[in-house]
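J.: Residues per chain, in single letters:
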Amino acid sequence: MKTLLLSTAVAFAALTAAASAETIAIVGGHIHTVGAAGDIASGTVVIRDGKIASVSAGDHVPAGARVIDAHGAVVTPGLIAADAGLAETEVGEDADAAELGDETAGPGDGTRDLSTQSKSLTAAFDVQYALNPDSTVIPLARLAGITRAVVTPEYGFSGGRNAQPREALFAGQAAVIQLGKGHALLVRPHAAMVIDLGESGGEHAGGSRNAAIVELKDILSDVRSYKANKAAYERNQTRSYTLSKADLEALIPVVDGRMPLQVNVQRASDIRNVLEVAREEKLKVILEGADEGWMVADEIAAAHVPVILDPTDDLPMNFERLHASMENAAKLQATGVEIVVANVAEGYRVRELRYLAGDAVAYGLPWSEALKAVTINPARVFGIADRAGSLEPGKDADVVVWSGDPFEPLSQPKAILIKGEEQPLTSRQLQLRDRYRNLNTAYPPEYH
Amino acid sequence: MKSSKRRLAALSLLAVLFATGVSVTASFADSDSDHPVPSLPKGLDPDTDTDPFPSTYKPLPSHPTAIVGAHIFTGTGTEITDGTILISNGKIEAVGENLAVPSGYETIDAHGEWVTPGLIDVHSHMGVYPVPEVQAHSDGNEATDPNTAQVWAEHSVWPQDPAFNTSRRGGVTTLQILPGSANLFGGRSAILRNVPGRTVQDMKFPGAPYGLKMACGENPKRVYGSRERAPSTRMGNVAGYRAAWIKAAEYERKWDEYHRKIAHGDRADPPTRDLQLDTLVGVLKGKILVQNHCYRADEMAQMIDISKEFGFHVTMFHHAVEAYKIADLLKANDVCVTVWANWGGFKLEAYDAIEENAALVHAAGACVTIHSDDSNLTQRLNQEVAEALSAGRRAGLDIPEREAIMWITRNSAKALGILDQTGTLEPGKRADVVIWNKDPFSIYALTQKVYIDGGLAYDRHDPNFQPKSDFMVGQDEGL
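Line by line, the protein sequences give chains A and B.
With this note's numbering as the guide, the letters of the first sequence map in order to residues 41 to 488.
With this note's numbering as the guide, the letters of the second sequence map in order to residues 9 to 487.
Rather than coming from a laboratory, the hints here were simulated on the basis of the structure.
Any given hint could be a false lead.
Here are the computed lysine-lysine pairs in the DSSO-like style, where the Cα-Cα straight-line distance is at most 30 Å [unchecked claim]: (1) A/K371 - B/K437; (2) B/K293 - B/K437; (3) A/K454 - B/K476; (4) A/K257 - A/K221; (5) B/K446 - B/K50; (6) B/K437 - B/K295; (7) B/K255 - B/K50; (8) B/K476 - B/K446; (9) B/K66 - A/K371.
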C-alpha cells in the first residue's frame with residue numbers, strides 16, 4: 041500500500057514538472073487583468089514555468105508555445121473563494137437541521153473537519169491539518185472558475201432547537217489553499233484568526249455581546265502577558281490565564297498585528313464596537329458578514345478595514361440584520377471600503393460565487409469592482425497578492441477562459457489553469473451526468 | 009389531478025352498484041322528503057364543509073392595461089420579440105404582436121424590456137419559518153408524530169413575514185407554503201397569492217387544491233429514530249406510509265357506507281371524524297395533491313409503487329436531486345419533480361445532485377420545476393433556471409429559454425393544480441405578469457413591475473408599490 045502511494049506520488053511529481061515547464065499562450069481573449077494593464081480588448085497571456093510571463097494586446101505566440109484559442113472569449117484571473125469550507129467538508133451539514141431540531145443536527149459522518157466540540161481548544165484550532173485533496177467538491181469548485189479558497193473554521197455547534205453554543209470565543213485559524221490538481225493544497229496557513237462577535241459571539245460568551253467584548257479584551261491582555269513572560273509561564277510563575285498554552289501561542293500574531301482577526305459581525309453598532317476595539321488593541325481586522333455595514337461605511341473606510349460579504353444577504357434573518365440590503369456591496373465600495381464577495385452557503389453552492397458578484401453588479405457595484413472582489417481583493421486581504429489575484433507578470437498563472445461574461449449563468453469556463461497547468465474540466469457530478477445520459481440501455485448504468 | 013387509475017376505480021364501483029340493482033339516484037345532497045336525512049351536528053361530517061377556512065382574497069385594484077413592445081416569454085413554450093399584452097378585469101385579455109391598444113387602457117412602454125408570467129415558487133416555508141428566524145416563529149414542523157396529516161400549514165403562516173415582500177420583488181406571484189420534512193406525513197400545504205394580507209385567508213388562492221406534504225428518506229427516520237421510535241430506517245418509513253393509507257382507505261369505506269345508508273333512508277351510525285384521515289382520504293379522492301420531499305431515485309420509484317398500491321397519484325417529488333436517474337419513470341407516471349440548480353452535498357441523500365438535473369428531466373419529456381425552499385433563493389428563481397439551463401447546454405442539450413422559463417411558470421402551475429388559473433400568459437387567465445429590465449436569463453436582470461391579478465403589486469421605481477411588513481415598520485426610527 042505504501043509503495044503504491046509512493047509511486048503514485050512520484051508519477052504525479054513527474055507529471056507536474058512536465059506541465060510546469062510548458063509555455064502556453066492564451067490568445068485573442070478579452071483580458072481583464074485586474075492589474076495595472078487594466079482591460080485588454082484582445083490580447084495574449086503568455087505562461088512559462090507556471091507563471092505569467094507577459095500580458096499584452098494582440099496575438100503573440102512565442103515559439104514552441106501551446107496555444108489556447110480565446111478569440112471571442114473572456115479571460116480573467118482565477119476566482120478566490122473566501123469564507124469557504126472546501127476540502128474539509130465532503131458531505132455538509134444538513135440544511136434542514138435547524139428546522140428539524142437538535143436531534144437531527146447530524147454527525148459529520150467523518151467528512152466534516154471545520155469545527156470542533158473540544159472544550160480545550162479555541163484560537164489554536166487550525167484548519168491546515170484536515171485538508172483533503174480528494175474531496176469531490178474541489179473539481180466542482182474549479183468548474184466554477186474558483187482556483188483558490190480561504191478555508192475558514194466554524195464554531196462547533198449547529199443551530200438545532202436545543203443545541204448549546206460552544207463556550208469558545210474563537211473559531212480558530214483559516215488557511216489559504218490552491219485547487220490545482222497534483223499540487224499540495226496548502227498555500228498559506230494562519231491566514232486569519234476567526235471570531236464571531238455580535239449576536240452569535242454573545243452566544244459563545246455565555247449569552248451576551250457585553251461578555252464577548254470583555255472576554256476578548258481580557259484574553260488579549262493575557263496573550264500580551266504570556267508573550268512577555270513565557271519563561272515564567274513554563275515555571276508556573278505567572279498569573280493564571282483562561283486559555284491553554286496552544287491558544288495563547290496562536291494569538292500572539294494577532295496581538296502583534298501580523299495576523300488579521302476576521303470578525304463576523306452584522307449590526308451597525310456592533311461593527312462600530314469592533315472598529316473601536318481594533319483601534320484600542322491595535323489589531324488588524326477583517327469584517328465578515330457586515331449586513332448593516334452600509335450604515336457605517338464611512339467609519340469602516342476610515343479605519344481601512346476590508347469587508348467580506350455575501351451581496352445577496354438582504355433579509356432580516358435576525359434582529360442584528362434588520363437593515364440588510366442588496367445595495368450593501370455597492371454602497372461600501374463607493375465609500376472606499378475594500379470588499380470581498382463570498383458565499384456563506386455550504387457544499388456545492390460554492391459554485392455560486394460568480395453569480396453573487398453579478399448580483400452585486402445588478403444592484404450598483406461597478407463590474408470591474410465586482411471582479412476585484414472575487415480576485416485581487418481576497419488575495420490582498422489574505423496575504424497572497426504577491427502570487428495570485430491578477431494577471432500580471434511573475435504571478436502564478438491562475439487563469440480562467442470563459443465563453444462570455446463570467447458572472448452570467450449562461451457563460452461557462454472553457455479552460456482553467458492553475459499555476460500554469462490546464463485543469464481537466466471534469467468532476468464526479470459530470471461523470472454521474474454522463475452515466476445517466478441514456479436511460480435506455482441493456483446494461484444498468486453501473487456498467488457505463 | 010385525479011389519477012386515471014382512481015377514476016377507473018370509481019367508475020367500476022358505480023357499475024357494480026347498477027349491476028346489483030342498488031339505486032344510486034338518491035344522492036346524499038338532495039334526499040327526498042319521504043326519507044329526511046338526519047344531518048349530523050356541524051363539524052362532524054367531513055364532506056359537508058370541506059373549506060372551513062375560506063379564502064378572503066381580494067385582488068388589488070386594477071384598470072385596463074397594455075404592456076407594449078416587450079420581449080415576451082409566454083410560458084407556453086413560445087416567445088414574442090415585440091409583443092403586447094392586454095389586461096382587463098384582472099385577466100389576460102390578449103397577447104400578441106401588433107395588437108391595437110383599445111382606448112381607455114393605460115399603456116406601459118416596455119420596449120427593450122422582457123415579460124414573463126408571474127413566477128411560482130412551489131416549495132416555500134415563508135410564514136411558517138419566517139424571518140427573523142426565532143424559536144417563537146418556528147412553526148413549520150409538527151415534529152411530534154411521524155404522521156401529522158391533520159395539521160395545515162396555513163395555521164402556522166405569519167402573514168407579516170417580511171420575506172413575502174422580497175420574494176414578490178423577485179417576481180414570485182404564487183407560492184406553495186409547505187410544512188417541513190420531519191414527518192412521513194407533514195400536513196397540508198397552502199397555496200397563496202403573494203399579496204400582503206392581514207390574515208392568511210386574505211392570501212389564499214381561491215379554489216386552489218390543497219397539497220399533502222410527505223417526506224422520504226433521512227429526515228423522518230432521523231427525527232424519530234433519535235427518539236427510539238419508528239421510523240428509524242427507510243424500511244420503517246415505507247411501513248409507516250402503507251399503514252396510514254390502509255387506515256385512510258378503511259375510513260373512506262366507512263364514510264361511503266354511512267352516506268349510502270343515509271341516502272337510502274336507512275339508519276346508520278356515523279364514523280368518528282378524524283382530521284388526519286380526512287386529509288389522506290382527500291388524496292385518495294384525487295382532491296388533495298401529494299407533494300413529496302424525496303431525494304433519491306430508488307425511493308421515488310418506491311413511492312410511485314405505493315401510490316399504485318393504494319390508488320392515488322404522486323403529483324410532484326420535491327428536492328428530487330436524483331430525478332435524472334429515473335426521468336423515464338417520471339414521464340411514464342406523469343409525476344413532476346421540483347429541483348434546485350446548485351444545491352447538493354449538504355447531506356448524503358443529496359450527494360449525487362448534478363447541475364444538469366432539470367435539463368435532463370426536461371429533455372426526457374418529463375415535467376420539471378425549480379423551487380427555492382429558501383426565503384433568499386426565492387428572490388432569484390430566474391437565475392436558478394438560467395444556471396440549470398446553462399449546465400444543460402454544456403451537456404449538449406439544446407433547450408431554448410422560452411421552454412426553460414416553464415420550469416418556474418407553466419410546469420409549476422400544473423404541479424399545483426392551478427394551470428387553468430395562472431402560469432402562462434394566455435387569454436382568460438389571471439393577469440400575473442412580471443416586467444424585467446433585461447433578459448431574465450441574465451444575472452443583471454431585475455424586475456421592474458409585478459402584477460398580480462392585473463393589479464400592480466410591486467414597482468421598483470415607486471415606493472408606494474414596495475409594501476413593508478408590520479414587523480419592519482419603525483425599525484429605522486432610531487437611526
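J.: Each of the hints needs a verdict: does it hold here or not?
T.: A quick look at each hint next to the structure:
A distance of roughly 41 Å separates the Cα atoms of A/K371 and B/K437; the hinted pair therefore is violated under the 30 Å criterion. In summary, the hint linking B/K293 to B/K437 is supported, as the alpha carbons are separated by about 27 Å, within the 30 Å threshold. Taken as a hint, the A/K454 and B/K476 pair is broken in the structure, with Cα atoms around 44 Å apart against an allowance of 30 Å. Taken as a hint, the A/K257 and A/K221 pair is broken in the structure, with Cα atoms around 42 Å apart against an allowance of 30 Å.
Restraint check for B/K446 and B/K50: not satisfied, since their Cα atoms lie roughly 54 Å apart, outside the 30 Å limit. Between B/K437 and B/K295, the direct Cα distance comes to roughly 22 Å. Compliance with the 30 Å bound is thereby established for this hinted pair. With a C-alpha separation of about 24 Å, the suggested pair B/K255 and B/K50 falls inside the 30 Å cut-off, and the hint holds. For the hint linking B/K476 to B/K446, the alpha-carbon distance of about 26 Å falls within 30 Å, and the restraint holds.
A threshold of 30 Å between alpha carbons decides the hint, and for B/K66 with A/K371 the separation of about 39 Å lies outside it, so the pair is violated.
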